[in-house]
Structure formats: structure tokens, C-alpha cells
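Be aware that the sequence shown starts at 392, since it is given in this note's numbering, and climbs by one per residue.
Incorrect hints may appear among the rest.
Claimed, not checked - What follows is a list of derived Cβ distance ranges for each label pair:
hint : residue 1 : residue 2 : range
1    : I626      : S569      : 29 to 35 Å
2    : N785      : L636      : 58 to 64 Å
3    : L636      : E551      : 33 to 39 Å
4    : E500      : V432      : 57 to 63 Å
5    : L636      : E568      : 51 to 57 Å
Said to hold, decoys possible - In the DMTMM-like style, the derived pairs of lysine to aspartate or glutamate whose C-alpha atoms are separated by at most 20 Å in a straight line are:
hint : residue 1 : residue 2
6    : K808      : D759
7    : K750      : E776
8    : K787      : D813
9    : K787      : D800
10   : K750      : E738
11   : K631      : E733
12   : K580      : E552
13   : K808      : E758
14   : K750      : E794
15   : K750      : E818
16   : K823      : E776
17   : K787      : E818
18   : K808      : E776
19   : K787      : E738
20   : K787      : E763
21   : K580      : E622
22   : K750      : E822
23   : K787      : E733
24   : K787      : D766
25   : K808      : E733
26   : K750      : D813
27   : K808      : D766
28   : K823      : E738
29   : K580      : E551
30   : K823      : E794
31   : K787      : E811
Simulated from the structure, these hints should not be mistaken for laboratory data. Glycine is no exception: its CB is placed at the ideal position from the N, C-alpha and C atoms.
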Amino acid sequence: MTPSAASSSPGAPGLDIPEVVVAPGDIATTTVTVRNDSDIVEAYSLEIVGDCAAWTTVEPARVSLYPGTSETVTLRLEPPRSPEVRAGEVPLGVRVLPAEHPESVRVLETTVRIGAFHELHSELVPRRRRGWLRGRYRLAVRNQGNTPVRVGFTAGQAGEELAFAFTPAQHPLEPGESAEIGLRVRTGKPVWFGAPVVWPFTVDAAETDETGEQDAPRPDEPAVRAPLDAEFVQIPIFPKWLLALLAALLALLLAWFMLVRPAVRSAAKEAATEAVQPRPTPAGEQGGDGQTPGTAPGTGTGPNAGTGTAPGAGSGGQGTGGPGGAGGDGTSVDNGTGTGGERQTSETIDVRSTRGQTKPGTYPVPEDSVFEVTDIVIANFQGDEGLMTISFGNRKITTIALETFRNQDYHWVTPIKIPENDTVTVEVTCEKPGTPATGRQAQGCHEVVNVSGVLRRTAQ
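Please put together the full structure from these sequences, using the hints given.
This is the structure:
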């Protein structure tokens, strides 16, 4: 660009800068002529002021002129290709400061017309999504150009199996602004069994007008960006391992009904038939009157039944043994297992104590007896706090904290035997009375222990 003729005035240079047009990312230059019309040697400093100062330089930035001479300086404009350099008219100023006469400083303003460029940057996250019928994606779009645009979004697929929905369908973007768009992909039919099905598709973002139509490509713009590639993997409703499990279960059911069940029913039928058949009686064991020798008619089974005792062991048909019989009442005196030698017994020990008191409760085993304990049930119905110790004679069975239970029970498969004159002892240490169902705190602790088992006589 060639500047026009410089104007002159005493002590000040003449400047004239024409309008400059430049595209972001390119370089534009213009020149101005500085002439010294004064009568002394003068040095001039040139400085760019305004919004263009960041990317405009002056070469040279300082000139020294004799009276009546001039020099041309170059203004070099290099706007970056960035959204920060907006398209449109930007003022440009050149300040010329004389060294000898600073009061004669001059600032010449002109206009720089910055061209527009368009650039969109998009990213799809994730690129691969798995689902039964639908998948959700996020499309991040940024306007890297220097002019406002309206962006529209499109998705494409080779077939028609997928449906696409963008939220929102269009979005305005200022230079440097970003936006996140939601994308929902949906299939029309589920996959019930088999391998996953992969549906590839593409997503593109482009500038549109107010009606939603894409703008025509501009000749000054770079090559069109390739659309973003993505995939939706449709997984089956029922996985492969479920099919294998169903097949195994079906095979087991068939094996049961066809093989195992008939065999079980046949074995059960044979066992039932064998159980109901009469068994033969060995010769010599049954007398002529149908009774076993040594027992009288109508007599129950005694300890000597079937042991080859003399016929005189039972007389009178009353079931009482003669002088040579042992235990004519039908019970064994040695082990005490008859009706009169043992009985089920359940004893309750009720212990009441006050705060800070330790109080025992006992149950003594009667003389000539053994108490075989099988069950203990403990009731702390007030929710008292403290300790409870249960002992059988000199054996301590357990010590438990009252606050850890309301009802507790213990059971033994093998009974614990307590000999005569020994005791079942329950010792309670009351630390804090609890609150029963009435809602008012009790005055003292109250525990109930029930001991159950068999009380067996040791002497007849």
C-alpha cells in the first residue's frame, strides 16, 4: 500500500495510513512516511496503540531525520488465527513522539478490517457404548472461529436400525465458546439370545442457518472435517451362560423323571412290601398256647422275657414273678429305666435382687436321684443390666451379661448329670434394673431360669 503525500506543519511529521484488510493467520503490511519539516535534527519514536498493538510491529521503531528529509517505516500486521481476534473493523493508532519537541506528539488513527474464518472442533464421548436397546453419548463442540455461528448436528448410519436424538438439535456459539450436546441412540428390536450386535454410525457438527439447513461450504475455508465415528454395541437380553444353565437344568429334570424317580419309587415299594410280610418264628420259641415259655398269659414284657427262664416264673396270670424272678413290676432295678424310676422334670428358679446386690437362686437335687439336664431357658424380661452365672454343682456352666439378651436358651444333646444333694445355682449381680413393658423403671432386677431334664432315681 502506498501512502499519500505527507502533510507538514512546523515541528510535526506528516502521516497518512490507508485502511488495512488482513485475515487471521496471514500477514499484511503498510507503510507511512515520516518527514522532518523543522530546522533542527529530530528523532522520532513510533509506537502502535489500540487493540492491534499485540500483533502489529513498526520497522524501524525509531528514526532520526535532518531538516527537510523523510523516511518510510513499515507497519507489519500478523493477527493470529484465534477466536480472540474477532472479525470486523478494529481501530489502529500510530503514535509519533518527537524527542526534541514532545509537546508536538501526533497520533494517527486508521481502521484494520479483520476477515472472518470458521472452524469447529467436536469430540464424542464415549466412542463405544453397550446396552440392550439404547445408549447415551456426549458431544462436546467448541467454536474455534472468530465469528458467531449456529451449529447443527447430524448422525448417519448405513441402515435404518438406529434412531438418533440430539438435545438440543441446534446451539448458537460465540467465538471461543463451548457446549455439550446430549445424543441418544436407540434400536427398534431387542436381541434375545446370541452374540452382541455392533451398529457403527457417524456424528457430524456443522454451521446452520435459522431454518436448520447447513450452510454451503466456503471456498476460503479448509477441507471439510471427517465425521466422528462411533459404535453402539447391542447386547442380548439373555447371556450365553444363562442358556447353558437352562440346558443343564432341563437335562437334570429329564434325568430325574426318566431314570432317578422310577428307581426311587421301585426301591421304596420293595422296602414297604418287605416290611409288611410276616417273618417266620424259629422252632422251639413258641409254646402250644402261643406264649413264650417262662411268661404267663396276659403278662407284659419283663426284663427276663425270652431269656429261657423257668416256666414257674409267672403264675396266676397277674404278671408277678415268683421268688426266682427279678423285678416283678416290669422295670429294671439296676438302671432305673421303668415307669417309677425316671420322669421328665422342669424346675424354675426365680431370682430377685436390688441394685448393687449379688443374690443366688438354687434348686437342690433330691436324695437317691440324678438330675440329667438337657435344656435351660433364661428370661430377662425387664432388660436388666448386670451379670448372671449358672453352675451345676461345682461346675460353672456360663457367665453372661444381662444387657445382651432378653430371652436365651441352651440345649445339650448329651445330658449334663447333677448328682444327689448338688444344686443348680443361678447367681445374679444387679448393676442396673431395666424398664419392663409398663414403661417405668423397675425397683430391682428380676430374672427367671427354667431348667428341664430327666430326674432319675438311683435306688429302688
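Is the hinted pair K750 and E822 satisfied, with a Cα-Cα distance of at most 20 Å? Between K750 and E822 the Cα gap is close to 12 Å, so the pair holds against 20 Å.
If you draw a straight line from the CA of K787 to the CA of D766, is it 20 Å or shorter? At roughly 16 Å apart (the allowed maximum being 20 Å), D766 and K787 satisfy the hint.
Between I626 and S569, does the beta-carbon spacing fit 29 to 35 Å? Given about 33 Å between the Cβ atoms, the range holds.
Would you mind confirming whether the straight-line C-alpha gap from K808 to E758 stays at or under 20 Å? Given that 20 Å is the threshold and the Cα spacing comes to 14 Å, the pair holds.
Run the distance test for K787 versus E738: straight-line Cα separation, threshold 20 Å. With a Cα-Cα distance of about 19 Å, the restraint between K787 and E738 holds, given a limit of 20 Å.
Keeping to a limit of 20 Å between CA atoms, is the pair of K787 and E818 held or broken? Distance of about 11 Å is within 20 Å: holds.
Is K823 within 20 Å of E794, Cα to Cα? Satisfied, since the Cα-Cα distance of roughly 10 Å is no more than 20 Å.
Hint consistency between K808 and D759 [alpha-carbon to alpha-carbon, up to 20 Å]: Holds. K808 to D759 sits at ~13 Å (cutoff 20 Å).
Can you confirm whether the C-alpha distance between K750 and E794 stays at or below 20 Å? holds (17 Å)
Starting from the hint 57 to 63 Å, judge whether the C-beta atoms of E500 and V432 obey it. violated (28 Å)
Do L636 and E568 keep their Cβ atoms within the hinted range of 51 to 57 Å? Taking Cβ atoms as reference, L636 and E568 lie about 54 Å apart, which means the hint holds.
N785 versus L636 beta-carbon gap, inside 58 to 64 Å or not: holds (59 Å)
In the structure shown, a violation is registered for the earlier hints numbered 4, 11, 18, 23, 28, in ascending order.
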